[in-house]
Amino acid sequence: MIRFVRFWQNLGLFLTQRLLFVLLFLPVHVIAASSEEALQLSGFASFGAGKLSRDDAPFLNYAEGWSFRSDTIVGGQAQYQFTNRWSSTIQVVARGFTFDDNDKFDPVLEWLFTSYQWSPETRFRVGRMRTPLYLFSDSLEIGYAYPWVRPPVDIYSYLLAPLANFDGVDFSTNVDFGEADLDVQIFAGVSRGTYIDFDIELSPIFGVNFVSHWDSLTLRYGVTLGYTDAASEGLSAFASNYDFFASQIPIFKEIRDSHETEDELFQYHAVGLQWDYENWSVISEAYTTVGPGKDFSNDAKGWYVSFTKQIQDFAPYMVFGYYKNEFSDDISSLIAESKITYPVGGPLGPELDGLREINLLILDDFNEKGRSYTVGVRYDFRQNAAFKVEVEYFDSTSQLTRAALSDSKQDTVLLSMVVDVVF
Amino acid sequence: MRNITQMPLVKGVAFSMVLCVISVSCYADVAVVVHPSSSIESLTTRQVKKLFLGRLRMLPNTGREAAVVDQDADSASHKLLYSKLINMTPVKLRRYRAAYLFSGKGTLPVMVKGDEKVKDFVADSLSAIGYIDAALVDDSVKSVYLLSID
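Protein sequence lines, in the order shown, are assigned to chains S and X. Residues 1 to 423 in my numbering are what the first sequence lists, from first letter to last. Residues 1 to 150 in my numbering are what the second sequence lists, from first letter to last.
The following block holds chain X by itself, in its conformation from the complex (with noise of 0.2 Å):
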């Protein structure tokens, strides 16, 4: 059975614009990635928080360094993941990191453009986890958790 995660790319692209016209915000529903073959099946909305701000620095049951991947702050899903997950303002989220990272506490995500790269990346290292448009998961990443908007 096909489910939506499974949608060829342009129809996936087509379907949140769709949405975009017909919803109030033209947020679209956000998934963190994982390489297909990591042995991560789900992701609690906590492990998330905490992968996302640097205090969780491994995956969890791979014994794997994370190597967290993120958005430009001005993406729509960068947008998403942090103020409604994370729950942090733009300026909040600069501060945090400044902190960390000069704090010893470990290094800042790595900085990828755009869903696309984001989902190379992650279709590239084992080690790797980032976020992307719900609508874009295919074959190459594997979708362990979903922020709907909801």
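Pulled out of the complex, with its shape left as it was, chain S reads as follows (with noise of 0.2 Å):
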């Protein structure tokens, strides 16, 4: 069966690695204008290449060897336009490395919209879209599109994985202020997905996302509100250890409870900037996100700032980036309020004792904190296609991983390239 998995993963990565020499030698005015039909056929790709320098933190799945999966993806696109207003579009793209364990590029439903334009400014969409939650989020996957090898993970990676689309509908609009101009979306409905083994769903989620574009100015400010689900198969078969104790006393109930969410109010702020200045270009965006403060929850946040310099054909970059999680304290106050009534070495048992002293660990697991350090060039060697290569220095790497690593504050080095065409 494994041997059988391995092959389909292997030919999936043959294709696609042929895939790019195909794609490579197509006419390359294609990104520069489409044609008239009414139905247009699109596609992007990317084709990485990376090593790390250990093998003990398998961050994005990469190791000491190289390795052509993690960044690699292909994407498809289909737009429909039926009359003057009324427009479809759906994107379905594979990937080699996902959070979810998706990772033998099965194609995936991304976006499947259609859109009604309301006036020149306004529009509605219904279907699945892009949660607007980060500067970049519209065009994730399109590596063509940004200068990096892939969105700075400091701000992009765990968090958005499982929280990329939601099902539902959105106005746009656009309000001109004479040298200035706000874009305002709004959007609600339902977002559910899998990061390791954690099922996250998020019903309702909704928000706003303002971006205001200045001259070479662009900030912008959104905020998403959900309602949130979430449980791990792991976290919850260790909870249930608890479940003697959980029968006959109430706190150890709680305890037992606390390691799910339920119907918890989780919001996300997220600010960004771009500012283009002659050939110059820095972009910046944080992050906060804040858990309602009790149960298995979190407050995140995170930031990274990046220097562009355009020169001809090539554009070398710099990125500095932080981010924290930290865990809520409700379970280890719990835990520690277990001591006064049923203290350690007391009537119920050294396995209380080890289950509680394990929990601690566990918890302490979840916090966590980081900073990268990136330098990189990106060169645009043809019309439709950029080489980018890239290293990338973190002092930890754990929750960014599928690996759960507590305090691996040890150095780390990614280096990694990869080939971004449109077609």
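In short, the hints are calculated from the structure, not lab data. By construction, the Cβ of each residue, glycine as well, lies at the ideal position given by its N, Cα and C atoms. There's no promise every hint is true.
[Unchecked claim] Label-pair restraints from in silico Cβ distances:
{"no.": "1", "chain 1": "X", "residue 1": "89", "chain 2": "S", "residue 2": "182", "range": "18 to 28 Å"}
{"no.": "2", "chain 1": "S", "residue 1": "265", "chain 2": "X", "residue 2": "149", "range": "53 to 63 Å"}
{"no.": "3", "chain 1": "S", "residue 1": "114", "chain 2": "X", "residue 2": "44", "range": "24 to 34 Å"}
{"no.": "4", "chain 1": "S", "residue 1": "311", "chain 2": "X", "residue 2": "44", "range": "31 to 41 Å"}
{"no.": "5", "chain 1": "X", "residue 1": "39", "chain 2": "S", "residue 2": "124", "range": "19 to 29 Å"}
{"no.": "6", "chain 1": "S", "residue 1": "41", "chain 2": "X", "residue 2": "117", "range": "19 to 29 Å"}
{"no.": "7", "chain 1": "X", "residue 1": "83", "chain 2": "S", "residue 2": "262", "range": "19 to 29 Å"}
{"no.": "8", "chain 1": "S", "residue 1": "262", "chain 2": "X", "residue 2": "39", "range": "28 to 38 Å"}
{"no.": "9", "chain 1": "S", "residue 1": "265", "chain 2": "X", "residue 2": "120", "range": "17 to 27 Å"}
{"no.": "10", "chain 1": "S", "residue 1": "275", "chain 2": "X", "residue 2": "113", "range": "29 to 39 Å"}
{"no.": "11", "chain 1": "S", "residue 1": "227", "chain 2": "X", "residue 2": "113", "range": "21 to 31 Å"}
Two chains, two frames, a set of hints: combine them into the complex.
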């Protein structure tokens, strides 16, 4: 069975690598403009390669040997204009790496919406769309559209993965103030996804997103609210060790049940800035997540700032980033409280004492912070293709990987390169 | 009264060629054009920018989805419009268009090669908006915005 799966994975990788050559020899003008037809077909792809300085913390599934999957992605899009005002868009994406174990290049429906253009400035959409969490949310997979090998992981990594899309409706309009203008997007729907073994569902999810353009400056603020259910198979299995105590004593029931989140309000706030001055470009974003502060929840924040200079077809860049995840101390306070009435070494036995200690260690695994420093260069070697190579240094990787390693305060260096194509 | 926009084609070309010789650059003024019976009389700079960046998806006051017509990136009119008015280098424009296309915002402009073909296209469609060498504007299209070199 495993061998069978490997075969299909290798076949997928083989085909995407062959696809790269085909795409590079396509006519170059494809991205410059489209034809007049009602049906428009287009696509994009990134072919990545990278290696990590260590094997014990597989960041984005990279390891010490070269691997070619983590930043490799292929997507196709069809747009159909029904009438003057009605149109539909569908986009399907196949990835070599995801946070939900779908890394076999299985195609995933990313966008499927119908749009109604109400006025020159205003439109409505219904269907599956990208959750507007960040500045580059809309073009996350389109490597060709941004300067780096991948969007800065300090804010674009794990939070976004399960909540990248929502099914619902949105309204967007543009307000003009003479020299400046403002795009306003309001959206509502449901979003669900998996991050490692966490199943997360936001129902409903809603928010508003403001993007203002003034000359060469773009400013953004977005807020997203979601009533969240989150549960992890592994964590729930661990919590069930409390079952016996929970059936007798209320506080242990409370501890056990706090390992899942049900219908709690989470808020995501994000600000962004892009400033293009002559050949320089500065991009910066910051976000903060505010959880309910109880049960299984966290408060996270992160930021990055990126500098790029365009020198003909070359664009060297530098990125600095930081993130911090603080787990709610709800469960640890409950454990501390339980120790008052049911002290360590008490009549409930060593089993409970061990359980409580392990529990505290597991919770601490979720608390972490990290910095990253990246230097790289982008080279636009064809009108529809770019090559990028970068070196990224981190001082922590745990939560960004699929292995939850606690306190992995060790240096990690990732060398990666990618060819991005649009067609 | 005949003005420069109504000059016969041959004269217009000759005129712009003379300009070419006497001016430092070979660029001529660029006119943004629509169908002659369009209800648009003129557009503001911001409207033109937004239309060619796809941020305004309908032609103002017409109720029509804009069919934006673009020219080859090597053409003189394209270079002038995007460098002087929209303020984007070719590399930046391609990135912008890629992000636009794949983020569900809309379709890209229609690609038409050469001022004459743009004129034919615009003369044929009430939804179309394009740009051409201002010296080539005649009765078949209506100029709604003029971008001068100086």
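Review point. Looking back at the hints listed earlier, which ones does the structure fail to meet?
Key: 7, 8, 9 and 11
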